[in-house]
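Asker: As given, the protein sequences belong to chains H, R, Y, L and D, one line each in that order. In terms of numbering that gives the first Met the number 0, the first sequence has 216 at position 217, counting the first letter as 1, and numbering is strictly consecutive. In terms of numbering that gives the first Met the number 0, the second sequence has 35 at position 36, counting the first letter as 1, and numbering is strictly consecutive. In terms of numbering that gives the first Met the number 0, the third sequence has 155 at position 156, counting the first letter as 1, and numbering is strictly consecutive. In terms of numbering that gives the first Met the number 0, the fourth sequence has 185 at position 186, counting the first letter as 1, and numbering is strictly consecutive. In terms of numbering that gives the first Met the number 0, the fifth sequence has 10 at position 11, counting the first letter as 1, and numbering is strictly consecutive.
Hints may contain errors.
No distinction is drawn between identical chains; accordingly, a pair holds when it is met within one copy or between any pair of copies.
Calculated pairs, BS3-like style, for lysine-lysine (alpha carbon to alpha carbon, straight line, at most 27 Å) [said to hold, decoys possible]:
| id | residue 1 | residue 2 |
| --- | --- | --- |
| 1 | K59 | K246 |
| 2 | K68 | K132 |
| 3 | K88 | K226 |
| 4 | K132 | K251 |
| 5 | K143 | K68 |
| 6 | K251 | K59 |
The set of hints was computed from the structure by calculation and includes no laboratory data. Because the structure is a prediction, the values reported are computed rather than measured.
Here is what each chain is made of, one letter per residue.
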Amino acid sequence: MDLATLIGLISAFGLIGASMATGGSIAAFWNVPGLMIVAGGTVAATLINESLGQVLGAMKVMLQAFFLKKASPQETIQSVVDLAAKARKEGLVSLENEDIPDDFLARGVRLGVDGLDPDAVNGILLSEMRTLKARHERGQAIFKFMGSTAPAMGMVGTLVGLVQMLQELDDPAAIGPAMAVALLTTLYGAIIAFVMCNPIASKLEQRTKDEVSQKTLAIAGVEAILKGENSLVIQSKLEAYLSPAEKAEREKAAG
Amino acid sequence: MDLATLIGLISAFGLIGASMATGGSIAAFWNVPGLMIVAGGTVAATLINESLGQVLGAMKVMLQAFFLKKASPQETIQSVVDLAAKARKEGLVSLENEDIPDDFLARGVRLGVDGLDPDAVNGILLSEMRTLKARHERGQAIFKFMGSTAPAMGMVGTLVGLVQMLQELDDPAAIGPAMAVALLTTLYGAIIAFVMCNPIASKLEQRTKDEVSQKTLAIAGVEAILKGENSLVIQSKLEAYLSPAEKAEREKAAG
Amino acid sequence: MDLATLIGLISAFGLIGASMATGGSIAAFWNVPGLMIVAGGTVAATLINESLGQVLGAMKVMLQAFFLKKASPQETIQSVVDLAAKARKEGLVSLENEDIPDDFLARGVRLGVDGLDPDAVNGILLSEMRTLKARHERGQAIFKFMGSTAPAMGMVGTLVGLVQMLQELDDPAAIGPAMAVALLTTLYGAIIAFVMCNPIASKLEQRTKDEVSQKTLAIAGVEAILKGENSLVIQSKLEAYLSPAEKAEREKAAG
Amino acid sequence: MDLATLIGLISAFGLIGASMATGGSIAAFWNVPGLMIVAGGTVAATLINESLGQVLGAMKVMLQAFFLKKASPQETIQSVVDLAAKARKEGLVSLENEDIPDDFLARGVRLGVDGLDPDAVNGILLSEMRTLKARHERGQAIFKFMGSTAPAMGMVGTLVGLVQMLQELDDPAAIGPAMAVALLTTLYGAIIAFVMCNPIASKLEQRTKDEVSQKTLAIAGVEAILKGENSLVIQSKLEAYLSPAEKAEREKAAG
Amino acid sequence: MDLATLIGLISAFGLIGASMATGGSIAAFWNVPGLMIVAGGTVAATLINESLGQVLGAMKVMLQAFFLKKASPQETIQSVVDLAAKARKEGLVSLENEDIPDDFLARGVRLGVDGLDPDAVNGILLSEMRTLKARHERGQAIFKFMGSTAPAMGMVGTLVGLVQMLQELDDPAAIGPAMAVALLTTLYGAIIAFVMCNPIASKLEQRTKDEVSQKTLAIAGVEAILKGENSLVIQSKLEAYLSPAEKAEREKAAG
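Kindly produce the complete structure, drawing on both the sequences and the hints.
Answerer: Following this line, the structure appears as structure tokens:
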């Protein structure tokens, strides 16, 4: 897991917990029925529109986003340059038993070695990339849905509490605590949405962009290998996908 | 109906009902005039901008989304591979009396057998897919409209109740219950929007994406059959539309 | 006018009126200065950004959307098939004096008869369709603007009322009624936006989609006629634009 | 300035002013510090993200939108038809000293007379149109930013006022007026956003659409002149950009 | 740093500070725990979805946006015209040792001098521009995320404070100040979002547009140089990217 994510989670909940504790007991903020209606209601509303398989798939995509190491574009470029050089010297068939660490790149090269023409390989890799993107966007959509439903469920809980309180105003001393309890669900909804669901949805979005740009790089690389392009041209083409910082790193590593 | 949908619906309403019951009688949350203004007003506002036919069509699309079984991409791929093999061996005409379970695939093959060129068939299938997509999006639009109108009608009901309450402040004991009743419509609006309309709209959106990707697969398959492509190439092309999980399933089934 | 629209309008206002009447006199909800600031202010804000001509044009587009009969795609398909058959038998020039009910289709055919090549005709019809779409979207934009301005003007009215009330808190008995009056403008804003402007904007959006898909069908038809395509091919191409229900209707009519 | 704009501005402020005056003195709504924090804060926040040049440019674009006369598409069509007829009779070079009122059209014709091929001229005019569109969208963005910042600054002012009021609750008689003053900034924010910034942003958006469609017409016209098209074809092509009302006007003028 | 930015920042905070001071002591608005939960919570939530590297990268992009001088399109045009003239006279190779101030332009020219064909150079420069745009959009996304999270964290803080206050209503004199403190976090959230994060996000958006249009100009210039176009044609092509004001400036400088 990213160190930043861990720090973020701990400090977000720590700050909120600390501010709850300063006013007295943190236990005053713990209300199981309220938590049930907000967290349970949000999950229930999500199950209405998504099959269990989709929800579990979204969890898997989320865990990958948090725990899997990001691929390095510099390594992919180096692989492509090496493979292209070998293909030009010894022919495309020589790549048959090559061990290529990047799965996606490897699949593209193998299709080319099997005799498919570069355009067909390109089309297949593009379809695969689009399928991956659609799968990730489905995961994002689930967390975005939860992020917009949680505050609504919090409001539902607060309204239920307010209606109950307003119907029994006999004991003025009970009004304050009853209203406090009613507000708790709104608080839960805001925390679930803004500290959990929305950051996860945003993380998935960024991760998808990273994967798509990594795969775009690999597709350009496969095309260059299959078309037998000159390795200097390949290098220029692929380095255009790097940020200045990544380019500097690559030059340091190369140089 | 999806098991998850059923579980979701039951638990969402169960959780809300339970939280209403904890504070005393659930009957306090039952208010027919309030329900009329929110649910009735939402439906009425929808009828202003949609013909009855469109609203009924949206209901039908919704029921299909909840009750129809999703097509399996793996089966479509297997059909395409089998049909392509037969067409290459015995000619395209041999597919004339073939029984193809996927209607859309069958229609595409039949157009090709009737002698239309692959590009024309492609164009026709694309038009059909776009027509289907537009029809589904119209259904989504109706539920999204209802999902944004219901909270507004809830607010209208609450404002009406507040105005009535504020004009007769003589009896302080009546203020609480009157305000409780006024808040009920806001509660109804939130439940209708966030537990019913929005999940349905989201379900339709996901279902449309599934159908479009299934049809995209079938269109690619028809093109491959009509162009007489090699079945290994077809397999590579079509499997690019599967997720890793679906690919693994297919390999297990094949192996 | 669509029956559904009429039912929708009557029942929406009926429900709101009924809920107002239950609490006593409906007259309590009638406040001319409040109505002036919300309805008048919304119209005034719209005039700031739209010329009178544009606003009147939007009204005209709206009336058309509510009162004009929708074109039938089945009739357009039948016209195209008949015209194409005649053109193949007797030559394109034989269509010169043909009486074609669909104006847009007629214009396309006439341009072809006048000797323009099919691509030029296609370009001209596409430009016309885009011009129509832009004009309708301008109309939608006006109603959407009003739908987002009305609640804001309602809030302005309520704030004005609250400020006036808060500055003279001497008479406690006057607070309730004064606040009730202040809330009325928020209520007016919500009704104007959610029961009037938003449904109209949504109606215009759907109507525009209908017209664009009808015109797309006609453009495909004109192209097929001018290129002298086989009527079976034309039929397959154009029926791809129909929904299953429309296709069934057409088959019943034809059979 | 458009008559409608003037009427709109006067009646919007008139209605709001009248509703303020009905409750007593309009002076109660005048609060210089509150106005400073809302109007000044909005302008200050805008200066953070826009250079002075950009803000002044946006003002200029706004003034043009309100004061410059809209170009007439009918006149442009007539110019194109006349120029095309002359070019076909006397050669393209004969247009060299022609006086063309529409600047953009004139520039296109001059580039063609100077010997650039039609595609290059087309590309240059498209770039110019895109540059103009980007400049106008920057202006819109500034007013949209102000329209979303003003209510936020109003809320900031109200919160500041509430905090000050809540810390000194000793004198109950002062609570009402203090709260009234606190609410004034929210009122100012709403008026600035909904009666000034948003209508201006919307006006700029519509004006940009008008200019782009006018320039699209001119670009089609230049292409037709340089390619030496038949004037009947040109007329059909260009009239497709007119609305039915504009077409009727043109026919009346021509006939 | 832009003078306008500095003026904007100082006057925004000055105005808010002044309005706080008018009501008594500005110290009443200083609440460290409240600031911690809003500012700290916003940063923590951002770290959940962004790696530390990304957040630092966004800071760097922001500083560049505020401190780096904007490139001048007029200078780029002049460079291109001069280089094209030299290339036409002395051959493309003569540009090898040319000192070109605009880095991006220089890289394009060097690739051409190295023998890549114009289309490949074009493709490489486009990829670089897209990579830059994606990097800047990531930065914008971070500030937009913070701008939408800060008000939510403010609301969380206010709800925590309200719940604490409502549970201890024994001392009526403490209610006002407790509520004032609770409202402070909402105030902090609004200031952080609307005076800091949103203007920065907007600045980055505008800056990205500037850079993309500057790079688009350079790409068109490189293409013109490599294709050996006539310098009058180049001038016409490139000046189409200038606004009227920039064009006037350039003419003054040239004339």
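Asker: It remains to establish, for every hint, whether it holds in the given structure.
Answerer: Hint check:
Taking the shortest Cα distances, K59 and K246 sit within 27 Å of each other only across copies (17 Å), while inside one copy they are farther apart (32 Å). Proximity of K68 and K132 under a CA criterion of 27 Å is satisfied in both settings, with 18 Å inside one chain copy and 24 Å between copies. When the C-alpha separation of K88 and K226 is checked against a cutoff of 27 Å, the pair qualifies only within one copy, where the shortest distance is 13 Å, while the shortest distance between copies is 33 Å. When the C-alpha separation of K132 and K251 is checked against a cutoff of 27 Å, the pair qualifies only between copies, where the shortest distance is 24 Å, while the shortest distance within a copy is 33 Å.
For the homomeric pair K143 and K68, the shortest alpha-carbon distances inside one copy (24 Å) and between copies (26 Å) are both at most 27 Å. In the homo-oligomer, the alpha carbons of K251 and K59 lie at most 27 Å apart only across protomers (21 Å), although the nearest pairing inside one protomer, at 36 Å, exceeds that limit.
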